[in-house]
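Residue numbers (this note's numbering), protein chains in the order written: chain A, 1 to 556; chain B, 1 to 268; chain C, 1 to 413; chain D, 1 to 250.
These are calculated hints, taken from the structure and not from any lab test. Every residue gets a Cβ at the ideal spot worked out from N, C-alpha and C, and that includes glycine. Treat each hint with caution, since some may be false.
Said to hold, decoys possible - Some chain C residues near chain B, calculated using beta-carbon distances under 7 Å: (1) R9; (2) W11; (3) R14; (4) P132; (5) V151; (6) L154; (7) H177; (8) A179.
Claimed, not checked - List of simulated lysine-lysine pairs, DSBU-like, C-alpha gap at most 35 Å: (9) K473/A x K207/D; (10) K141/B x K174/B; (11) K53/A x K163/D; (12) K65/B x K264/C; (13) K255/C x K45/B; (14) K473/A x K91/D; (15) K207/D x K163/D; (16) K255/C x K174/B; (17) K181/C x K65/B; (18) K181/C x K264/C; (19) K53/A x K473/A; (20) K174/B x K94/B; (21) K53/A x K27/A; (22) K264/C x K45/B; (23) K170/D x K53/A; (24) K55/D x K473/A; (25) K485/A x K473/A; (26) K65/B x K375/C; (27) K485/A x K170/D.
To be verified - Listed below are several chain B residues computed to face chain C (Cβ distance under 10 Å; list not exhaustive): (28) T13; (29) L20; (30) A30; (31) G35; (32) G41; (33) G130; (34) A133; (35) K151; (36) P153; (37) C156; (38) E158.
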Amino acid sequence: MKFSRRDLLIGTVGITAGIAFTPVPWKLLGDASIWTQNWPWIPQPSHGPVETKLSACALCVAGCGMRVRMAAGFPVGVSGVTTNPVTQGALCPLGFAAHQLNWHPARLLTVRHNGRASSWPEAQAAFAKTCAEGPVAVIDGRPGRAASATLEVFAAKHNGSYQAVSGPETNALVPYAAWSEVPVSALGYDLENARTIVSFGAPLLDGWGTPGRFTRLWSERAAGQINPQLRLIQIEPSLSHTAARAWRWVAVREGTQSALAAALARVLVEEHLVKTQGPLPDMTLEQAAVQAGIPITAIRDLAHAMVECAPTVVITSDSDPTVSALNVLLGAIGTPGGIVLKTKMNQQHGSVPAAPATVRATVIDGTVPWDLIPPTQGEVFRFAAWDGGGSNADWLLPSPGFLEELTDIPTAPTSSIETYTIATNLLAQPQETQTAAQFFSKLDGTLPDVDKSIHARCEQIFQAKLGTIYAGKPTPVAQFTSGAKLEAQLRNGSVWLGESPRHTTLRCALKTWPTAAAPAPVTDWTATWAPPVLPLLAAKLYQESTLRDAPGRSQA
Amino acid sequence: MFPWIDGFHWTPTHIIFLSLFGAALSAILATAAWGLWRTLGDFRKHLAAATCWRENFGELPAVEKRCRHELAGRLPSRQCDHAFDCRTCPNYDKFAALPANVPASRAGVSYSDNLLYHRGHTWVRGDWDGTFAIGLDEFAKHLVGSPESVKLPEVCDEVESEGIAWTMIKNGHKIRVRSPLAGTVISTGGPDSDFYLKILPHSQPNLRHLLKGPEVAGWLAAEVDRLQMQMSKGKATLADGGTMMPDLMDAEPGSDWDAILESTFIDR
Amino acid sequence: MSETALVDRRWIERGAERASTMRFLLWLFPWVCLLLLGVYAAGLCFYYGLNQTNMDNRFAFGLWIFLDLTVIALGAGAFFTGFLVYILKQQDLKPVLNSAVVIGLTCYSGAVAVLMVDVGQPLRAWFTFWYPNTHSMLTEVTFCISCYLLVLVLEYIPVLVKNRQLRRVPSFLVFEHQAHKLVPVLAGVGAFLSFFHQGSLGGLYGVLRGRPFAYRQGFMIWPSTFFLFILSAIAVGPSFLMLVVATAEKITGQKLVDFRVYRKLGFISGVMLAIYVAAKAIDTYVWLNVTSPSMGFGPWDYYSYWPLSSTFLFTATVPLGLLPAILFIVPRTARHRGLLLLAAALTCCGVALNRFVMTVQTLALPTLPFDPFLKYTPSWQEVATFGAVVAYGVIVYSLSYRYLPMFEAMKGE
Amino acid sequence: MSARYGMVIDLDRCTGCGACMIACAAENNVSPPEPRATWRTGITPMVVRALSNGKDGTDRREAFIPITCMHCEHETPCVSVCPQQAVEFDKSTGIVMQMPQRCLGCRYCMTACPYHARYFNWWDPQWPPGMEKSLNPGVSVRMRGVVEKCNLCHSRYHDALQKAAAAGKKEIDVADYVPACVEACPTGAIQFGDLADPKDPATIAAKSPDAFRLLEAIGTEPKIHYKTTQAWIRALADRQSDRPTEAPHV
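Let the hints inform the model, and build the full structure from the sequences given.
Below is the structure:
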């Protein structure tokens, strides 16, 4: 039987028709679409036992309490802790994606020496050598921690210097510290009792101080009210997020806030809006008004509005003493709703010996802001969990990332009450990483151990029998029967809150009107965020939405 | 879509919508299926060749559809409307009775009076044993001369009336010769023998559709004219004095043989 | 004649005047290039995903949907001519029937191909048949178009097997013979399906309650755009058919159909267009004065952003709607071939513009009061794919013209 | 009995910090943005947008409005248009559910949504190596080419249901079901609750004279309500007859 073209045709038609009646094409169809539902290159969430643990965020000075959802041993979500008296369940936007930081592309997990990969032994050796040669400068970004003690002792032993760098919020308090001769770390704002808050460019609603503390206050006492119990007056050149939501926004010309302050001072005193008589700036009201680009009438109105509803406190974004002086005129120092003295219990910091000229090595702790470059010759050893780009140190030493280090969190700079929190490390510290304290302890076994100092601190709190422990429900320290119980609670994410502030003890005298300091740039929460990188999801805010302009820092 | 699939609800919209489209789709598929079924049926009933022939006939230019009676000069002009199948033509007898007037010499090529001719340039000769011999006529022979190859059916193969009896290759042209009548091939000849096929019809065939006598003369004359026309399209030369020279395809390779062969063997 | 030319010749109708093989290839070359480029672009979209386009969450539909709607409207000539010839027995339109089928086939298959590129998960396309949401206009469109594509294929096969070589396969020719008897059935089903999906394409936007610019009230489940789209499609179909045939005549330099056919097509277009314009006017009036205000949107919300956009509505209805209608109907102008073709061209532009307004302008207009007016420019991949569909149409039509008896009815019998 | 979950968002309390956006993205396993992604191609099931009164200089006022799926109650535009039932209105919760696994990616629902609350996955979701360990096990990752949107943290609802079932209760404890954005808001601007329950604080807030909804005239009965005392913000809820204000940064 020969095979004609016609047979071929009929054959093909028959076969194609036949195949349609077999399950094959339908199965293929189904499988194809199932394949699209789990493409191999799309990750699947790792399933595992889910548990919720409490800790605290050690990424910035605020040290907010964090409720961490863990699955298969890894954090899969964070949220605020509503029982935390300071944050009241709030976190900064970045906090909600902080649990992804440990896998950030810029995560530092290898020792780097002048840009080249190196190793811990080499770093140890190099450091030991320089130590032998001469004094060491140690820079700490978060003084008052257990680890800070270790650093301080080490520096002392190597006749070097221990320096604590501080953020904008602490700096803003420096003038008052100087005038009233108390350490900066002892000062705070008694926002809860203030009725009018005049902010010179401080991003009060945008990451200032402890997220949650002021925003809650504002949303309860000010938001949407025509005549609010808490008046927020924002003095700022541009309509920032804070200015947008403030009770009143005063657009001051760029960099002329000290002029405006001078003008306000004159109005306040000359129109007897305040009891104090001075000192007064030598600048006349007219000059000031011209400089600040605000009509005199407006300045008058502003001055009146400031005092209309006392107590009033002025908050600055930088340490410009001319603006701070307004608080002196307003009598807002050492009075309720003003700048107050926290109950003093912890040893003082801040009185810092300047670095000797001959330092051979500078060690920068992981808590120091990335853009701080020490003014020193000699080798720089920088600890960091993320590489902020532009290597500004001879040695980059990987330190533990988010929730990988046991550390304690002293009182936040702006707080009016002393607090103590322990950020328990919910994740094991990667063996590639070391903290500065661990690094030093390797050289010198006699240094105080962080865990021990935390224990000592808890013991101290227990002995003092002051303040309250906020776990599920608040318990006065006095009711604790043993330090161990108290320590256990703190290590499980509870917060210790000290006694409410004493006002009377703070006195502040001002002889002459201070001279203006160079204004610092206005910041927002991306600036108060300590790590050199933002969580990748933060890009939702400035790349995938029109909410914010991209921050200037490296996205790595 | 179906009741057993997640998301299906017995709602009116579902039922109306799906039944509407069910109807449309089944109408379409039924149509297609019906067409295929009929096609297969035609093949089973040996009607395929006839159907094809009718299709082709329908598309012949008017000039190539002339009735045999016109060619024989019995009528001034008449177009065939029975696909050259005079067996079914009601008017056949009426016209056949009329007197023919075509001078035998009009034909450009010789033909024999005791052969029956098919419009596809084959002749049929009934033999005493009831078989029929089929061959190419002079006109076709002159055209094709000696083909490079001839592909004849096997003995015992069936040929359909108007179906393709055999094919020849000449100068790269495939020539398909139509069978003048249906039957079983009992022996095959070729260019060298005096016939191409001997076939045994299934029943005593009606040969009325084949041309004979004066019709042939007229028809061949017309064919020669056509040939002349088509060839002169290339360059204007043809046989001297109307008689055809042998093996034209070799002699005049320049002409549009494609078209010429098509009309000669009525094979579109 | 070269060997290839000889072979090529054997595929061409006997006695048909066609360009030389060389010229034909030269003609095809640019179109084939365009087609290949488009196929490449589509490939990119399949491989990398739709990020290759410039569409976004706001402009979720773009050039391609505009293309689909327009092309399917232009392809309407297929069903309507079939409807006229086989159902209404307008035999004098037979000569253009085959080209109508070819145009329809290319338009619809092209549109479906682009739709496949346009969706994010082409491999799930069949879900629509498996889990159809019968309330969705898109479901209706999908069902209709796929069924109608089947119809067009079945209508095309008889034309195809009439090819000089294919017809030599007896089974083909016999099937053609049999299928031909059934074409009226197909024409009927085709008309039914087409009425529905042309309408549903309009409904697609008319039902968008969230887009007051497109939302229309209507009759039962169908918004007014449903009926407007049917009308405009019927109006533009014959015009486009006329235009294509005229172009073919121009390019090939042959007279393919009698002028009477043009006039008839023109007249049909004209009448339909006139009805359409009237209906559109009423619809617009109701929309601007009743429907839209009831949703809190005034004309200003549509036409204040982009000065040009306000003229679209007018342009699409008067110079590209009413005018051609008049040109088509008034005998004095309709007698003039040039004017007739001009009218046809205007009609096509008008319908295209209408589809553009419905698709692109609808998305450009903000709904939220604090939203900006959005702009969008297609990426080269989108444009290339668009071009490919055009090229595909030209190529298929050229091949069909060259090798199939498209205008057989013209053969003087 | 069926609940109707919804929100009342106090715009006066919104500081535009964006915590809700990030919390939402983290909770729902939204991937870090593709470098080319913009505000028009990104995936932000909850997005905060800036409003302004259109004036300049010291007269300028700005506010912020969080926008998410409004879970329209009536003639839900996206549900009826989906050709293959990938969008579903859950009658027991009033939540408009999106099923990415069913989605064809035709984006018809996106053109249908008057609030632009639907997002298309233009790119494959991608995380830096290892970061998949931080994905929320309760939510599956969406693939390229499908549409997604706010499901009101349905996985949390599911957990609450399970908890209730474990306790042998039929109905969930409202306290157990709090969407990520609500939880994240530092000023407590977002009130979440069962709007079908007349005693629910959210229901009461939604009835307050300051409360309103976006584009109410369209008639889709959105279940996300807003609240403000400021006339100029309220004015942006519906179309005005004069030229609308343009959003900043755009």
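Checklist line | Hints not upheld, ascending by number | finding: Of the numbered hints given earlier, those the structure breaks are 2, 13, 14, 20, 21, 22, 24, 26, 27, 33, 34, 35, 36, 37 and 38, listed in rising order.
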